[in-house]
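Letter by letter, the chains look like this.
There are 2 protein chains.
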Amino acid sequence: MGGKMNTFYRNALCGELNANDVGKIVELSGWVDNRRNLGGVLFIDLRDRSGKVQLVVNEKQPAAFELAEKVRNEFVLSIKGEVVLRSDQNINKNIPTGDIEVEIQELTILDTAETPPIYIEDNDQTNEAVRLKYRYLDLRKPKFQKMLMTRHKTASIARNFLSDRGFCEIETPILAKPTPEGARDFLVPSRVQKGKFFGLPQSPQLFKQILMISGMDRYYQIAKCFRDEDLRQDRQPEFTQIDIEMSFVDKDDIIAINEEMIAKIMKEIKDVDVKTPMIRMTYQEAMDQYGSDKPDTRFELKLTDLSDIVKDSEFNVFSGAVKKNGSVRAINAKGAQDKLSKKGIKGLESYVKIYKAKGLAWIDVSDGEMKSPILKFISESEKQAIFKRMNAEPGDLIFIVADTHEIACNALGQLRLELSRKLEYKLEGMYNFLWVTDFPLLEYDLESGSYSAKHHPFTAPLEEDMQYLETNPLKVRADAFDMVVNGVELGGGSIRIHNQKIQERVFAALGFTMEAAWDQFGFLLEALKYGTPPHGGLAFGLDRLVMLLTDNDNIRDVMAFPKTQNHGCLMMDAPGNAELDQLIDLGISVDEI
Amino acid sequence: MGGKMNTFYRNALCGELNANDVGKIVELSGWVDNRRNLGGVLFIDLRDRSGKVQLVVNEKQPAAFELAEKVRNEFVLSIKGEVVLRSDQNINKNIPTGDIEVEIQELTILDTAETPPIYIEDNDQTNEAVRLKYRYLDLRKPKFQKMLMTRHKTASIARNFLSDRGFCEIETPILAKPTPEGARDFLVPSRVQKGKFFGLPQSPQLFKQILMISGMDRYYQIAKCFRDEDLRQDRQPEFTQIDIEMSFVDKDDIIAINEEMIAKIMKEIKDVDVKTPMIRMTYQEAMDQYGSDKPDTRFELKLTDLSDIVKDSEFNVFSGAVKKNGSVRAINAKGAQDKLSKKGIKGLESYVKIYKAKGLAWIDVSDGEMKSPILKFISESEKQAIFKRMNAEPGDLIFIVADTHEIACNALGQLRLELSRKLEYKLEGMYNFLWVTDFPLLEYDLESGSYSAKHHPFTAPLEEDMQYLETNPLKVRADAFDMVVNGVELGGGSIRIHNQKIQERVFAALGFTMEAAWDQFGFLLEALKYGTPPHGGLAFGLDRLVMLLTDNDNIRDVMAFPKTQNHGCLMMDAPGNAELDQLIDLGISVDEI
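Those protein sequences? They're chains A and B, same order as listed.
Heads up: the first sequence begins at 1 in my numbering, then just goes up one per residue.
Heads up: the second sequence begins at 1 in my numbering, then just goes up one per residue.
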């Protein structure tokens with residue numbers, strides 16, 4: 001940043017000094033990273049956001065030396081001194097400023113510091129609860145400073161990319177209307193309209209569609225979204241989306257602009273070239289081949305259908321599944337015989353049961369040491385047919401699941417991921433982006449006996465499937481698409497319904513009475529009366545994107561002030577107590593437990 | 001934007017076509033602004049975000065003509081046609097596309113429209129409640145489309161300006177800790193920690209200070225802020241700040257960078273050259289001369305102190321005020337005798353009473369027709385001394401208030417603004433930016449008998465005034481500064497306290513027990529133990545800035561989805577009802593009224 005960060009307290013940044021600056025008198029400010037006394041000479045590593053530089057002072061500068069003796073780690077200093085070359089033996093090639101040091105002429109202690117409860121270094125092992133309580137110290141670590149800068153840079157690239165293409169960033173309300181279905185809303189009691197509540201938005205979905213109806217043409221927002229859910233590792237009660245909507249577009253228009261944006265971010269942040277257009281795969285293909293709607297294509301291990309081979313097998317587990325309209329599918333773990341013990345395979349059997357598979361069959365190709373227990377049930381011709389279809393070679397292990405189609409695909413999809421970990425595939429530095437398209441419009445929940453939207457209720461059905469909406473709704477595909485990278489869903493979008501009648505039909509398919517639909521989404525249905533352009537859009541999870549860009553697998557590590565699993569902020573001790581007066585003002589009471 | 005907005009449905013924008021495009025076959029999409037049938041030829045004005053263009057079709061294109069006959073206002077069309085020059089008599093110089101029209105070859109109706117309940121034109125006079133209910137139609141008006149684009153552009157300029165200078169945009173939580181004092185918080189009941197509440201932040205103040213303690217050096221955020229207040233014309237329950245914080249800076253550093261940013265925005269959006277450095281004025285000077293801490297300096301009418309002249313006057317209203325440590329102040333409305341009737345002056349007397357002045361004295365210079373009622377009470381020498389000090393000339397009117405210092409200054413300050421309106425000063429196109437500095441640190445509230453912070457409790461006192469903090473707190477000035485333009489506070493900032501002991505002393509001066517201070521702000525006081533850089537910052541009201549840039553005086557006109565005075569969104573009908581299940585989940589009940 002050079003001179004642009006000059007202030008009253010400094011005219012240079014610690015981490016930017018190098019041999020070109022030798023001879024310059026500089027003013028620096030920062031934190032004491034380390035102080036050492038070597039035979040009457042004091043060395044101080046001074047740290048600011050840009051990095052560290054070594055300061056040196058001896059008794060020839062008595063005033064500065066005396067102060068420097070009092071200095072401890074994390075004191076805040078301001079100094080003036082001359083940049084000098086280090087002697088050869090003191091050169092430190094490990095840091096960018098390792099060629100030089102700064103001889104202190106004047107030193108001011110701007111603030112003192114107690115001994116911090118954590119180590120201000122990237123490899124600090126303090127437990128997370130302590131680190132979150134002292135988040136301001138945790139954030140002093142270079143890795144977090146870099147993460148926050150990367151997050152900022154990512155948002156900046158996205159914003160400028162979109163602005164350059166005619167997108168207008170528009171702020172939508174945080175105090176919105178509660179929506180009873182879907183994920184749980186955070187509610188905000190209204191003081192002015194007692195007994196009523198705002199809902200914090202789970203996404204700006206309806207606002208951005210309304211903006212398309214208002215003719216704003218291209219919208220984006222880096223938007224805060226809220227879901228009052230029980231947290232898993234990769235969720236937070238508030239999270240951030242790069243939220244995009246466009247008018248007068250089809251799917252290809254949306255996909256083209258968004259993959260270009262992601263490619264630009266990957267290039268500028270990670271110097272990775274992402275090939276565009278990205279591969280596209282239908283939901284059906286993804287499920288059939290990878291057992292997942294977010295396939296990790298960095299490795300093969302694809303699912304193969306064996307149903308036709310075993311449909312008349314004497315092995316009832318196989319043939320029975322096929323007869324019940326289920327599926328028998330398999331993956332071939334190439335050369336895995338060497339890497340998996342019998343115990344390891346037992347573990348995989350338990351693993352697929354988590355995903356509701358009734359069992360896991362396996363065959364060791366070339367009939368090695370392991371001896372598959374199912375061989376006695378299937379005929380030699382079946383075995384040979386399976387080997388042929390699976391391209392089986394000596395040393396391979398074939399895993400088979402026979403179950404309903406959904407369970408067979410999903411369990412094998414999960415097994416595929418587990419195998420990639422167990423077999424320690426080398427995947428580093430690979431970024432396999434792709435689009436999954438043509439998702440089902442609806443899902444059926446057996447338990448509640450009701451349909452729900454796979455994406456959201458505003459997603460357009462594919463035109464050729466509209467005919468089934470009332471008669472066979474599960475057959476209807478949506479004009480929806482997800483961007484997936486390495487098995488992670490980075491973003492999802494769709495073409496929206498832009499016709500009131502079709503929107504009403506979809507609400508009906510979802511089980512809404514027209515009264516309920518109008519009660520809840522009346523403003524959208526009303527808006528759809530007055531001329532709506534064909535439109536669609538997409539939202540990327542910014543937190544997930546930054547996790548990808550910074551190689552983090554903990555969402556808390558990519559947010560400045562994350563919450564813990566019980567929705568708490570350990571630093572500020574939130575949530576907190578409300579005063580009785582406040583509750584009376586709001587017209588609410590806390591229930592006794 | 002040209003080709004960058006090309007999609008499946010268009011390859012040009014309506015408002016960008018001109019004579020250079022003649023002969024081109026273009027595809028356009030947009031809304032029907034108007035349709036006219038002139039002797040078998042149909043003219044359609046098609047509108048998109050970029051503007052309007054005239055389409056024309058006749059019976060030589062029977063398919064398109066037949067469809068075009070069905071078209072009504074606000075239908076959404078997609079057309080293909082050739083750009084042709086208009087005949088000379090049809091050229092419309094009032095619109096950018098007035099030289100040309102597009103001869104339709106193909107036409108598709110993408111969506112129909114009912115007759116809208118408001119007129120989609122800038123001079124629509126529909127009442128605001130109807131306009132807000134149909135906000136998506138209101139936003140189709142060119143002025144709102146332009147406003148949203150200006151708002152976006154303003155934020156973009158600010159973001160890029162700050163990014164270029166090393167500022168890192170960092171998102172701070174919306175689900176924060178409630179703060180019992182200050183303005184009222186919106187509360188969010190926690191489901192996971194029943195009985196506890198989040199507070200929506202009134203500003204990211206504490207988070208940004210924590211980020212400085214974390215070494216992030218330069219922070220900004222275009223941040224949503226929330227206050228549960230009863231609304232005045234210029235307030236909204238949620239509003240937006242350009243929020244800035246910097247480390248290792250003094251006041252001059254903060255002022256320099258922020259005035260440069262505002263000057264850049266004024267130049268790029270309004271092509272106005274703002275002179276920097278901006279004028280600075282202390283709070284004391286602003287109050288003494290303009291009777292306001294946000295002086296409108298587009299006109300003179302300054303306040304003048306007459307206390308010394310009238311301190312021994314026989315006119316007890318004057319001398320009595322001085323004896324009670326009050327003040328006698330005056331403004332000279334040059335040449336106002338011609339413009340103000342006696343009745344007009346009576347009106348001004350009532351006006352100053354709104355601001356608690358006991359009365360308003362006035363003298364017509366040159367003893368014109370109006371004859372001041374106070375002349376009989378003051379001596380000729382006093383009158384002459386007043387005339388001299390006020391540079392009185394024939395035709396002037398001098399207005400005098402005698403009261404406590406605060407009331408005299410404030411009432412005359414308000415009178416000054418009222419006179420500028422009554423005398424119809426020509427102020428258009430003037431932008432008088434200035435800084436007001438050295439605000440009092442504290443205010444004293446007579447009613448509650450307690451002190452409160454003029455800015456906020458984290459503002460640094462001026463070093464030379466620290467000595468009075470315990471003995472004479474009202475004498476202590478703060479290192480705080482507001483940017484003011486034309487009588488409006490555009491932003492305010494300060495240097496913050498970066499020392500735990502001083503922060504504790506200020507909390508004590510504000511009447512906090514140490515227990516209460518730690519209970520509420522413990523995380524800040526704790527953070528101040530571990531090495532805090534000198535830091536400070538500023539926040540601009542983005543809504544107010546956009547009002548200035550778009551010449552709007554209604555804050556609802558510069559937000560996409562504003563709320564009404566009762567905190568309602570008329571479009572989506574928020575706030576809404578919560579389901580009983582949701583309340584049970586949250587462990588709260590709505591009180592019976």
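One or more hints might be untrue.
[Stated by the list, open to error] Stretch-level coverage of chain A by chain B, calculated; a stretch enters the list once three of its residues show a Cβ under 8 angstroms from a Cβ in chain B:
hint, segment
1, 147-157
2, 568-582
[Said to hold, decoys possible] If you only want the chain A side, here are some residues facing chain B, beta carbon under 8 angstroms, derived:
hint, residue
3, Gly-23
4, Val-26
5, Ser-29
6, Trp-31
7, Arg-35
8, Phe-43
9, Asp-45
10, Asp-48
11, Arg-140
12, Glu-169
13, Val-188
14, Ala-527
15, Tyr-530
16, Phe-561
In short, the hints are calculated from the structure, not lab data.
Heads up, the beta-carbon is just placed ideally off N, CA and C, and yes, glycines get one too.
### Query
Against the structure shown, which of the earlier numbered hints fail to hold, in ascending order?
3, 4, 7, 8 and 9
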